[in-house]
Amino acid sequence: MKESEIVSTISRKLAPYILLFGLYLISYGHLSPGGGFQGGVVLASGIILLYLSRGIASTGKVFPQEKLVVTEIWMFFLFLLIGLGGLIAGGYFLENFLPLGKAGEVPSAGFIFFLNIIIGLKVGAGITLICFYLLR
Amino acid sequence: MKSIGEILIFLALGLLLVKGIDVNLIPPSGLKDYFVEQAVTETGAINLVSSIYLNYRAFDTLGETIVLLLAVSGIIMLFETKR
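If you read the sequences in order, they're chains A and B.
So the first sequence is numbered by this note's numbering: it starts at 34 and just counts up by one.
So the second sequence is numbered by this note's numbering: it starts at 62 and just counts up by one.
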């Protein structure tokens, strides 16, 4: 099928803003509606838009599948490590061991901020991998 | 004739559902009130959804991430092409 100029141009211009919006949803997850899961799915939708419009070859250079697999696995281990950090700090598993900070600022709320980032990257990599393998 | 029977079955089910809704039922509010009052000072997050699913129920979130990891592993196992 012939490549459409409109689809190619619009997707290339739109995808960075979709990725930026996903990162915003993740990093402000403890302040406003959003969070790790939603922001991760928005990240994945930006990558899938690039994949559908530009093809696997050029998208795979920017987001290689091996790196996505590594991200998916290591983010899970980081989640477990943060959970074990609560045990090391003298509490129970997955207890907040970081200072809470001032409510309403971006790096606040202890480990919720970091867990949001971890879950966002993990969900983004996972949904992207599922779509890469199913659409191929 | 067959579709009339199906419509009747769905109407009966819908009637059961409407009958089952108790408009005077007030949901228990103890836990909700506790979260609204205490969650910001206990967890530091303004978004109560985040404070619940990443602090009070973080173990449940760990299970969800395991589910996603297993789904991705299964799909990669099924759809991996021989290089």
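Any given hint could be a false lead.
To be verified - Rough simulated footprint, nothing fancy, chain B against chain A, three-plus residues with beta-carbon under 8 Å: (1) 41-52; (2) 56-64; (3) 91-97; (4) 156-167.
Stated by the list, open to error - Under 8 Å between C-beta atoms, here's a sample of chain B residues computed to sit facing chain A: (5) S64; (6) G66; (7) L72; (8) Q99; (9) F120; (10) V133.
In short, the hints are calculated from the structure, not lab data.
Glycine included, each C-beta is placed from N, C-alpha and C at the ideal position.
### Message
Please list, smallest to largest, the hint numbers that this structure does not respect.
### Response
1, 3, 5, 6, 7 and 8
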